[in-house]
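6 protein chains.
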Amino acid sequence: MKGEGKQAIYPGTFDPVTNGHMDIVQRAASLFDSVVVAVTNNPGKQPLFLVEERVAMIQEELSGLDNATVESFDGLLMDYAERREAAVIVRGLRAITDFEFEFQMALVNRKLSNDIVTVFLMPNEKYTYLNSTIVKEVAKFDGDVSSFVSPYVQEQLSLKYRDA
Amino acid sequence: MKGEGKQAIYPGTFDPVTNGHMDIVQRAASLFDSVVVAVTNNPGKQPLFLVEERVAMIQEELSGLDNATVESFDGLLMDYAERREAAVIVRGLRAITDFEFEFQMALVNRKLSNDIVTVFLMPNEKYTYLNSTIVKEVAKFDGDVSSFVSPYVQEQLSLKYRDA
Amino acid sequence: MKGEGKQAIYPGTFDPVTNGHMDIVQRAASLFDSVVVAVTNNPGKQPLFLVEERVAMIQEELSGLDNATVESFDGLLMDYAERREAAVIVRGLRAITDFEFEFQMALVNRKLSNDIVTVFLMPNEKYTYLNSTIVKEVAKFDGDVSSFVSPYVQEQLSLKYRDA
Amino acid sequence: MKGEGKQAIYPGTFDPVTNGHMDIVQRAASLFDSVVVAVTNNPGKQPLFLVEERVAMIQEELSGLDNATVESFDGLLMDYAERREAAVIVRGLRAITDFEFEFQMALVNRKLSNDIVTVFLMPNEKYTYLNSTIVKEVAKFDGDVSSFVSPYVQEQLSLKYRDA
Amino acid sequence: MKGEGKQAIYPGTFDPVTNGHMDIVQRAASLFDSVVVAVTNNPGKQPLFLVEERVAMIQEELSGLDNATVESFDGLLMDYAERREAAVIVRGLRAITDFEFEFQMALVNRKLSNDIVTVFLMPNEKYTYLNSTIVKEVAKFDGDVSSFVSPYVQEQLSLKYRDA
Amino acid sequence: MKGEGKQAIYPGTFDPVTNGHMDIVQRAASLFDSVVVAVTNNPGKQPLFLVEERVAMIQEELSGLDNATVESFDGLLMDYAERREAAVIVRGLRAITDFEFEFQMALVNRKLSNDIVTVFLMPNEKYTYLNSTIVKEVAKFDGDVSSFVSPYVQEQLSLKYRDA
Chain Z
866 MKGEGKQAIY
876 PGTFDPVTNG
886 HMDIVQRAAS
896 LFDSVVVAVT
906 NNPGKQPLFL
916 VEERVAMIQE
926 ELSGLDNATV
936 ESFDGLLMDY
946 AERREAAVIV
956 RGLRAITDFE
966 FEFQMALVNR
976 KLSNDIVTVF
986 LMPNEKYTYL
996 NSTIVKEVAK
1006 FDGDVSSFVS
1016 PYVQEQLSLK
1026 YRDA
Chain A
866 MKGEGKQAIY
876 PGTFDPVTNG
886 HMDIVQRAAS
896 LFDSVVVAVT
906 NNPGKQPLFL
916 VEERVAMIQE
926 ELSGLDNATV
936 ESFDGLLMDY
946 AERREAAVIV
956 RGLRAITDFE
966 FEFQMALVNR
976 KLSNDIVTVF
986 LMPNEKYTYL
996 NSTIVKEVAK
1006 FDGDVSSFVS
1016 PYVQEQLSLK
1026 YRDA
Chain G
866 MKGEGKQAIY
876 PGTFDPVTNG
886 HMDIVQRAAS
896 LFDSVVVAVT
906 NNPGKQPLFL
916 VEERVAMIQE
926 ELSGLDNATV
936 ESFDGLLMDY
946 AERREAAVIV
956 RGLRAITDFE
966 FEFQMALVNR
976 KLSNDIVTVF
986 LMPNEKYTYL
996 NSTIVKEVAK
1006 FDGDVSSFVS
1016 PYVQEQLSLK
1026 YRDA
Chain B
866 MKGEGKQAIY
876 PGTFDPVTNG
886 HMDIVQRAAS
896 LFDSVVVAVT
906 NNPGKQPLFL
916 VEERVAMIQE
926 ELSGLDNATV
936 ESFDGLLMDY
946 AERREAAVIV
956 RGLRAITDFE
966 FEFQMALVNR
976 KLSNDIVTVF
986 LMPNEKYTYL
996 NSTIVKEVAK
1006 FDGDVSSFVS
1016 PYVQEQLSLK
1026 YRDA
Chain S
866 MKGEGKQAIY
876 PGTFDPVTNG
886 HMDIVQRAAS
896 LFDSVVVAVT
906 NNPGKQPLFL
916 VEERVAMIQE
926 ELSGLDNATV
936 ESFDGLLMDY
946 AERREAAVIV
956 RGLRAITDFE
966 FEFQMALVNR
976 KLSNDIVTVF
986 LMPNEKYTYL
996 NSTIVKEVAK
1006 FDGDVSSFVS
1016 PYVQEQLSLK
1026 YRDA
Chain R
866 MKGEGKQAIY
876 PGTFDPVTNG
886 HMDIVQRAAS
896 LFDSVVVAVT
906 NNPGKQPLFL
916 VEERVAMIQE
926 ELSGLDNATV
936 ESFDGLLMDY
946 AERREAAVIV
956 RGLRAITDFE
966 FEFQMALVNR
976 KLSNDIVTVF
986 LMPNEKYTYL
996 NSTIVKEVAK
1006 FDGDVSSFVS
1016 PYVQEQLSLK
1026 YRDA
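Residue numbers (the numbering used here), protein chains in the order written: chain Z, 866 to 1029; chain A, 866 to 1029; chain G, 866 to 1029; chain B, 866 to 1029; chain S, 866 to 1029; chain R, 866 to 1029.
Some clues are possibly wrong.
For identical chains, the list gives no copy identity; a pair is met inside one copy or between any two copies.
[Said to hold, decoys possible] Pairs of lysine-lysine residues, derived as BS3-like cross-links and limited to a Cα-Cα distance of at most 25 Å, are as follows:
#1 Lys910 / Lys991
#2 Lys991 / Lys1001
#3 Lys976 / Lys1025
#4 Lys1005 / Lys1025
Simulated from the structure, these hints should not be mistaken for lab results.
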């Protein structure tokens, strides 16, 4: 229904959150009434950071945005989105391989819940080729990741790799 | 500002409007407070239909959607969008070649007007490979275009090619 | 030699078989004298279903097609195809990433056995973004996969995940 | 119906026919009972060679293949294919941009005539990046096109550009 | 032969030269002993600027680079490169569609002259989606192109469109 | 600085080195004063060959090239390149998926060390679809890999799989 508040969900693994992710959160927050950054638990994929750590890092980044929050979820995205009464799923699109995977997910999600619309946003071109995997690869060998993540995330990365 | 009405513009040539375009209009209309289908005049490209004819066909299709309207515009999209005080540009994404062209336009448009966000929607997979050029190609040789366009557009196409 | 019966092989992992796979089998069966759906054993990849289970599910689906059969094979596809005296390898093409992998395989296979032609078929656009991995992902969280696989496969998926 | 002769059509502009096209014709002729190379008339696109010249060049190339012929056609491919009672449309796939255009055509053609199957073949990797446009570009400036076209086509190209 | 000076050619239409082109020229000039920016005459394509104007604009931009020059050429690139005794052709790669076209050209050029190596450089990500066509499109409607081209080129564009 | 010797690094896993890799090494050696083939240690990825074995196989292949050497390295490529005072990183580009990964790496590497330029070379079209993974897949089942790797590497592969 038009005129009502639209809630958007921005799902992802965020292991860890990058400046590219935050660029998408800001765009989404300017478009919709509220945005929930939804961190998937996926223990099977062996993320570097625990889901609680990933949520905490995003919490830190959201301080200036009053209509964006963060939480974690388990199970199917569309079940979670329905429980949350979200109208929109937000995804960032950077590259061709993203494009194919994202389309596949969006089509399956549409089959599972036809009322929720997937919306694609394009990050600033500075972040076109940025992802969490490459950030971890660089951080692991003590490379400089200051143009890819916030100072707080940078610190968490070096703590994590110092422990390792 | 959040809470306010968001106006979206869905620009294109629409020569003629297809079921794939209307699928995007409907999704956009469910997401934003109002949607303007904005038909580019581009006389240089020698469209099959006059801009007035293209606007009239879309008008016909919009009858069931109370928050969507149609009009034509000249000049740069971003100048038009600013005059219209739009917050969002809506574009459909179907294929890889779309993807590259659309990203290019979105990046240039962002440089021209940073406050207007380009949002990409994905049409129903039935329309993944549909575009106006192929519809005209089929209609020109009297092929059946009934699964690609509305009956009204189908009629306009056959009138146009009968005249030719 | 022309005029003779042409045998086609449609190889894959089929973990499990989807409606998209069956769409390709049907097209292939209309084109060639006989089609063998050839299930690769690949124990290294840890499939969800045993090779016998995958063969049995396809057997179930083939009931209406009198010139299509199913069997499993080990080792190199081209060695198997030569033993089987097949003239054609059939592959479905859905997306760009498929395209690159399939071309690579086809070129290598051509080097290994120049007489066997790889033929690409395009599934119905409904199945453009469907694959076995996404079906398992949805089934695992008890999502509805009824538009992606047959009722029989759906049942096998829920039995498998109930056991897990 | 299985066991019967399958007729395939290989449509195109062939302005002029290249070694890559002939590679596809040979593969198709090994798979199907007969292959018709079908040259589209398309006077709107201002081809370099008249449709009769394009047919004559292909005629020359087909001398060794006893189940392949050439002819021209007007209008919609699928209408022509139905008149010809063809079971198969053959297309060569080389690159990503081909891929998208070909899928679009195949999907539209399937809508127009559901019984005719489009089959994609991959040319030898030597011809991956070869097309008629680039051959003409090189021939126009008197470059060496001997690895791209037959000696006969090479001669026709130099006659054409000498006249120009 | 190693140790000798390597001359590189950077060919293109440059209608007009953009900041993305200059980014590639600078990278090439840091790698090779000398770089010639080679402007193709191609009168058939109806460029906005005369070849002399395009050369003059690049001349202006090259002032700080002491091992780079500009000139125009006619005919086949590889004939020109051989006359110039160049060892290297430099091309910028930005997007997928570039990629396919560039590979095609590089393979044909290799067939025509096997000793000259085509080298691809990647512009700064700021220029990923920039090209001359989009710059002209924006300039034509009096949009701001200051982040895409130099002040001098910007002036030439507005003179050109004022005259039109 | 121009005129000086330029050192290039060609990094990779080379598990094992293929004819496609050697094609790139030869092109790079004709362009730059010296080329170091740099084998990444990456024990995490469980390569088939030990890093010493991979270096030894490349050593064997380099016998005819007097300005190319091989060595292994640990850690970040850009740290290694700086220690080596290399001016250039060489990468082969074959396919779309390469393209995206390579661009990502090149952009990150540029952020880490702005003075080192990444240069992309295109292998002979014979090697467009060749990679080490497919070579191992074929060799594992005792298929013929003689057109993909040198006789020496072929022997090492069969020793490795005989032991397994």
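To see whether the hints hold, each was checked on the structure:
Taking identical chains as interchangeable, the C-alpha atoms of Lys910 and Lys991 are never at most 25 Å apart, the minima being 28 Å within one chain and 29 Å between chains. In this assembly of identical chains, Lys991 and Lys1001 lie within 25 Å of each other by CA distance both inside one copy and across copies; the values are 18 Å within and 24 Å between. Taking the closest pair of Cα atoms, Lys976 and Lys1025 come within 25 Å of each other only across two copies (23 Å); inside a single copy the shortest separation is 39 Å, beyond that limit. Proximity of Lys1005 and Lys1025 under a CA criterion of 25 Å is satisfied intra-copy only: 9 Å inside one chain copy versus 31 Å between copies.
In terms of the numbered hints stated before, the structure departs from hint 1 and from no other.
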